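All chains, full assembly: derive it from the sequences and hints.
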Amino acid sequence: MALDEKTYGELREIAGRYPEARSGLLPMLHLVQSAEGRVTPEGIQACAEILEITPAEVSGVATFYTMYKRRPVGDYHVGVCTNTLCAVMGGDEIFARLKDHLDVGNDETSEDGKITLEHIECNAACDYAPVVMVNWEFMDNQTPESAVALVDDLRAGKEVTSTRGPRLCTWREAERVLAGFPDGRVHEGPAAGGPSLVGLGIATERGWTAPEGSDAGRGTDLTGAPADVAAATDASQEAEDAAVEEEAPTATTAAEKKEAQ
-9 MALDEKTYGE
1 LREIAGRYPE
11 ARSGLLPMLH
21 LVQSAEGRVT
31 PEGIQACAEI
41 LEITPAEVSG
51 VATFYTMYKR
61 RPVGDYHVGV
71 CTNTLCAVMG
81 GDEIFARLKD
91 HLDVGNDETS
101 EDGKITLEHI
111 ECNAACDYAP
121 VVMVNWEFMD
131 NQTPESAVAL
141 VDDLRAGKEV
151 TSTRGPRLCT
161 WREAERVLAG
171 FPDGRVHEGP
181 AAGGPSLVGL
191 GIATERGWTA
201 PEGSDAGRGT
211 DLTGAPADVA
221 AATDASQEAE
231 DAAVEEEAPT
241 ATTAAEKKEA
251 Q
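The sequence shown begins at -9 in our numbering and counts up one residue at a time.
Derived from the structure by calculation, the hints contain no laboratory data. Hints are not guaranteed to be accurate.
[What the hints assert, rightly or not] Result set (DSBU-like, lysine-lysine): computed pairs, CA atoms no more than 30 Å apart in a straight line:
no. : residue 1 : residue 2
1   : K59       : K104
2   : K59       : K(-4)
3   : K(-4)     : K89
4   : K148      : K104
5   : K148      : K59
6   : K104      : K(-4)
7   : K89       : K59
8   : K104      : K89
[Stated by the list, open to error] Okay, the calculated beta carbon distance ranges per label pair:
no. : residue 1 : residue 2 : range
9   : G174      : K148      : 17 to 23 Å
10  : R12       : G203      : 21 to 27 Å
11  : G191      : A114      : 34 to 40 Å
12  : G179      : Y55       : 21 to 27 Å
13  : Y55       : F171      : 17 to 23 Å
14  : G50       : G189      : 37 to 43 Å
15  : E149      : G103      : 41 to 47 Å
16  : G184      : I43       : 44 to 50 Å
17  : R162      : T133      : 24 to 30 Å
18  : P62       : G203      : 52 to 58 Å
19  : K148      : E10       : 39 to 45 Å
20  : T74       : S13       : 30 to 36 Å
Nothing here was measured: the structure is a model prediction, and the numbers come from that model. For every residue, glycine included, the Cβ atom is placed at its ideal position computed from N, Cα and C.
This is the structure in structure tokens:
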């Protein structure tokens, strides 16, 4: 089956956002997933036609990135971080408990079609480890018990709000947002949490600021070390570079030699 006219028109709209239409392929694939629930052969063909590239080129991109799925995804994609910090803080245990609770393996969907479970790499939220993401929204400081309660609430159709973000939407709705079509929830939830701002608080308390332009050698740098040490290092490097340049032999081309004769 071909994509409907509305989706096809929106694919063209995305391609038209970029000076080089091909740059729109990633959000176009997200839109295909929003409409089809996965990257379908029909979606690949549509992207190829609009961008005037081959289906093989589109498929090469779709199979490279793990966010693009070739099998249907449930209403909620639940990603459990099992990278180093989250793992040692309990991520592995959370993932094992959810697999057992949902009776699924990695990258599989529960029988009711509600939850797709996947272990994923770093979510860039180590200060809240262990972290689970639902449709790419953060659920911080999880435990096996809270993670089970989370998926049960999602399966029951209860409204769930991410720890530092908006109310959770379905996976297809989230894919539409990733395609560049806002859902009106951008202002829901805090922009950042306390643990993420600890470094900023310390810098403010101690008067640390980032170096700016020619003033980079003055004051104190962000490590607390006197900035004149950095300036001295720069001067030493400049002197070394000048010495190397002075000692380097001057290259004379064959043409210059001939002209001199």
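Taking the hints in turn, this is what the structure says about them:
1. The suggested pairing of K59 with K104 holds, with an alpha-carbon distance near 16 Å, which does not exceed 30 Å.
2. Between K59 and K(-4) the CA atoms are separated by roughly 22 Å; this keeps the pair inside 30 Å, and the hint holds.
3. About 37 Å separates the Cα atoms of K(-4) and K89, which puts this hinted pair outside 30 Å; it is violated.
4. Proposed proximity of K148 and K104 is supported: the alpha carbons are some 12 Å apart, at most 30 Å.
5. In summary, the hint linking K148 to K59 is supported, as the alpha carbons are separated by about 26 Å, within the 30 Å threshold.
6. Distance restraint check for K104 and K(-4): the Cα-Cα separation of roughly 26 Å lies within the 30 Å cut-off, and the hinted pair is therefore satisfied.
7. Restraint check: the Cα-Cα separation between K89 and K59 comes to about 19 Å, which is no more than 30 Å; the hinted pair holds.
8. A distance of roughly 14 Å separates the Cα atoms of K104 and K89; the hinted pair therefore holds under the 30 Å criterion.
9. Take G174 and K148: their Cβ atoms lie about 21 Å apart, and the range 17 to 23 Å holds.
10. Look at R12 against G203: about 37 Å separates their beta carbons, and that is not inside 21 to 27 Å.
11. Under the hint 34 to 40 Å, the C-beta atoms of G191 and A114, about 20 Å apart, miss the expected range.
12. Take G179 and Y55: their Cβ atoms lie about 26 Å apart, and the range 21 to 27 Å holds.
13. Distance hint check for Y55 and F171: the Cβ-Cβ separation is about 20 Å, which falls inside the suggested range of 17 to 23 Å.
14. Between G50 and G189, the C-beta spacing of about 40 Å keeps the proposed range 37 to 43 Å intact.
15. At about 19 Å, the CB distance of E149 to G103 disagrees with the hint of 41 to 47 Å.
16. A C-beta distance of roughly 46 Å is found between G184 and I43, which places it inside the suggested range of 44 to 50 Å.
17. As the Cβ distance of R162 to T133 is approximately 29 Å, the hint placing it in 24 to 30 Å holds.
18. Distance hint for P62 and G203: a CB-CB separation of about 53 Å, consistent with the stated range 52 to 58 Å.
19. Hint check: K148 to E10, Cβ distance near 44 Å, so the stated range 39 to 45 Å holds.
20. For the hinted restraint 30 to 36 Å between T74 and S13, the CB-CB distance of approximately 33 Å keeps it satisfied.
Violated hints, listed in ascending order, are 3, 10, 11 and 15; each of the other numbered hints is respected by the structure.
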